[in-house]
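Same order as they appear, the protein sequences are chains A and B. Under the numbering used here, the first residue of the first sequence is numbered 1, with each subsequent residue one higher. Under the numbering used here, the first residue of the second sequence is numbered 1001, with each subsequent residue one higher.
Keep in mind the hints are simulated off the structure, nothing from the lab. All values derive from a computational prediction rather than experimental measurement. Warning: the hint list may mix true and false statements.
Said to hold, decoys possible - With a cut-off of at most 20 Å between alpha-carbon atoms, the simulated SDA-like pairs for lysine to any residue come out as follows:
#1 A:K244 <-> B:R1144
#2 B:K1257 <-> A:K203
#3 B:K1029 <-> B:V1252
#4 B:K1147 <-> A:E208
#5 A:K71 <-> A:A122
#6 A:K147 <-> B:K1029
#7 B:K1203 <-> A:R207
#8 B:K1203 <-> B:R1277
#9 A:K172 <-> A:N191
#10 A:K172 <-> B:V1252
#11 A:K203 <-> A:E249
#12 A:K203 <-> B:E1208
Unchecked claim - For each label pair, taking beta carbons as the anchor points, the in silico distance ranges come out as:
#13 A:R143 <-> B:F1224: 22 to 32 Å
#14 A:E280 <-> B:D1036: 27 to 37 Å
#15 A:N281 <-> B:H1173: 22 to 32 Å
#16 B:G1227 <-> A:G246: 40 to 50 Å
#17 A:N103 <-> B:K1172: 50 to 60 Å
#18 A:S39 <-> B:F1224: 19 to 29 Å
#19 B:N1281 <-> A:R146: 49 to 59 Å
#20 B:P1079 <-> A:D119: 33 to 43 Å
#21 B:D1036 <-> A:S171: 39 to 49 Å
Backbone N, C-alpha and C fix where the C-beta goes; we use that ideal spot for every residue, glycine too.
Spelled out, the chains give:
Number of protein chains: 2
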Amino acid sequence: MEAEPGNLYASLGKEVSGADMQLIQDAFKQLKGRYDAGSSPLGGIGQITLMCLAKLNSESQLLECGNAGHKQYLSYQLPTEASRPILSSEFLSDPAVYERAWNALTERMDPTQRSLGSDSEATNRLLYTTVMAFACCVDLWQRRSRKTPGTFFEILVGSVLGQLLPDWRRSKHIGIPDSAERVSTDIVFGNPHRGPDLVCPVKITTRERIVQPYAHQRILDAVFGWGTYRSVLFCVSEMQLDGKKGVKEICVPGTIKLFQQHLASLAAICYLDPPARYLENDVRDTLPVHSMGSFLSEVLWDMTD
Amino acid sequence: MEAEPGNLYASLGKEVSGADMQLIQDAFKQLKGRYDAGSSPLGGIGQITLMCLAKLNSESQLLECGNAGHKQYLSYQLPTEASRPILSSEFLSDPAVYERAWNALTERMDPTQRSLGSDSEATNRLLYTTVMAFACCVDLWQRRSRKTPGTFFEILVGSVLGQLLPDWRRSKHIGIPDSAERVSTDIVFGNPHRGPDLVCPVKITTRERIVQPYAHQRILDAVFGWGTYRSVLFCVSEMQLDGKKGVKEICVPGTIKLFQQHLASLAAICYLDPPARYLENDVRDTLPVHSMGSFLSEVLWDMTD
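All chains, full assembly: derive it from the sequences and hints.
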């Protein structure tokens, strides 16, 4: 971790309370610049999250907005705007609690084991809160920047994996030999040892766009031979507001099974808020579905060994 | 053609001038009902187009909005709204001219030859005008119905092909044997003779969604064996308004070549307004690109023989 441990929140002083959206966006631009230049700026991500939580808590109301099965959802609300639904059990709305969780993560992160440590549930809550705090700020105060939350999530995934795979080379594209074409993925980690490179499509939700990581894996299999690249798809959730009636989870288990069996094989799908439907046996018999916490505690080690 | 030839416009009486959007949407719903029930209601499509042209001409202004290469684009405009760009050379804004073109098409349509006749340019103008008149009405007066123009285009393609392939069975899905899954395409025509079925993905513009028809073709090849299904992708254009600066054509020739070579093989792509870039040799060496007029004059016959 590049940020000094401890006192992340205190070090920002009072400016974070009620920070305007421009300040958050400026910090995001700076963060993206450092990420694009090759670093894994986890400390900066944590600082932005604290700014977002402070703004959300001081300027909007966190209210219940519906249930899906046993999961309860909240939404930050203004008189005329509502944020996307937030899974209550995974969200650390209190900046002080978030900061403690952040520091605990810093302590248990272990690149030699390529693991974020054994407390996979704490890891998942921390990462979920990180993505959602930023996304909710954009929902309430900068709705036109629809793509920014996706980029922020990509930077989070790329930076966490970058810290855990320090000797793997990160890029965005895979060139096709003897051709001007290339496969533009979100994140690729080049394996420094023998073994497959890791391709990481990153999408807040998938819907019909789930086809793309499968098509890319298929092309990579065709061009480079099976086993040269492995894809792990990283998502936040498939939950959305359903008018005034609450929340709904849009799942496409049939499509996933069809693609996994007849188009290409993804190595795994990871969600911060896994849809209940995708944790049922018929889907998990087809491909591994993990919470991102479990993936970063246990699975990454195996997959990159 | 199911509508009686001649006097399509006159038969509608004065109600079409300034018809409100609700009247057009009601006619569209009725049309969709008939199409979904299996008919190919070309006459109803022509009538809706005349209602749309009358409304556009009487309630908005048709103004130049930019050029792309040698192509000049127009846009129907209200004080606060602008329609999508319309290719001037392909658009029959005068309802009387449109009606004559419609009657001429009726006369030269020849299901025994599976052809709309030799005047492929007139066919293309007629079909282009049909899609754009409806789409521009939605742009100006019902912007929330974003998906309706795509459905209208799908009904147009399905109905024209339905008239030309009267003994082929039209459906929307292809079931996967020994499985609950199915491939949901836009239109499938089942071949009554020996030879491949025809799969027709229909998209007003493609952008990143071009991957879907390729993925479907690949799955069909994997499940049923190569040559059981052939896909022809039908599009309107890749042109869009570019802020206040005019128009721009969003092309992805590298992606198309990559997919065509390494993912699956489409039999052809047809555009009502083919992007100049896709008519260059490097793309056409990879896969056939046609205007929809040429496809319906000449190519369909060969392909379904």
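Looking only at beta-carbon atoms, does the pair E280 (chain A), D1036 (chain B) fall within the given range of 27 to 37 Å?
32 Å, holds
Starting from the range 40 to 50 Å, see whether the pair G1227 (chain B) and G246 (chain A) falls in it by beta-carbon distance.
For G1227 (chain B) and G246 (chain A) the Cβ distance comes to about 48 Å; the hint holds.
Does N191 (chain A) sit within 20 Å of K172 (chain A), going by the straight-line distance between their CA atoms?
Answer holds: K172 (chain A) to N191 (chain A) is near 14 Å, not above 20 Å.
Is it true that the CA of K147 (chain A) sits at most 20 Å from the CA of K1029 (chain B)?
34 Å, violated
Are S39 (chain A) and F1224 (chain B) spaced within 19 to 29 Å by their CB atoms?
49 Å, violated
Would you mind confirming whether the straight-line C-alpha gap from K203 (chain A) to E249 (chain A) stays at or under 20 Å?
15 Å, holds
Given the proposed pairing of K1257 (chain B) with K203 (chain A), does the C-alpha separation stay at or below 20 Å?
25 Å, violated
Does the Cβ-Cβ separation between N103 (chain A) and K1172 (chain B) fall within 50 to 60 Å?
This hint holds: roughly 54 Å between Cβ atoms.
Pair hint K1147 (chain B) and E208 (chain A), alpha-carbon separation not exceeding 20 Å
Distance ~15 Å between K1147 (chain B) and E208 (chain A) Cα, so the pair holds.
K1203 (chain B) and R1277 (chain B) were given as a pair; does the straight-line alpha-carbon distance stay at or below 20 Å?
18 Å, holds
The hint says 33 to 43 Å between P1079 (chain B) and D119 (chain A); measuring C-beta to C-beta, is that right?
At 59 Å between Cβs, range violated.
Quick check on a hinted range of 22 to 32 Å for N281 (chain A) and H1173 (chain B), using CB atoms only.
25 Å, holds
Violated hints for the displayed structure, listed by number in ascending order: 2, 3, 6, 13, 18, 19 and 20.
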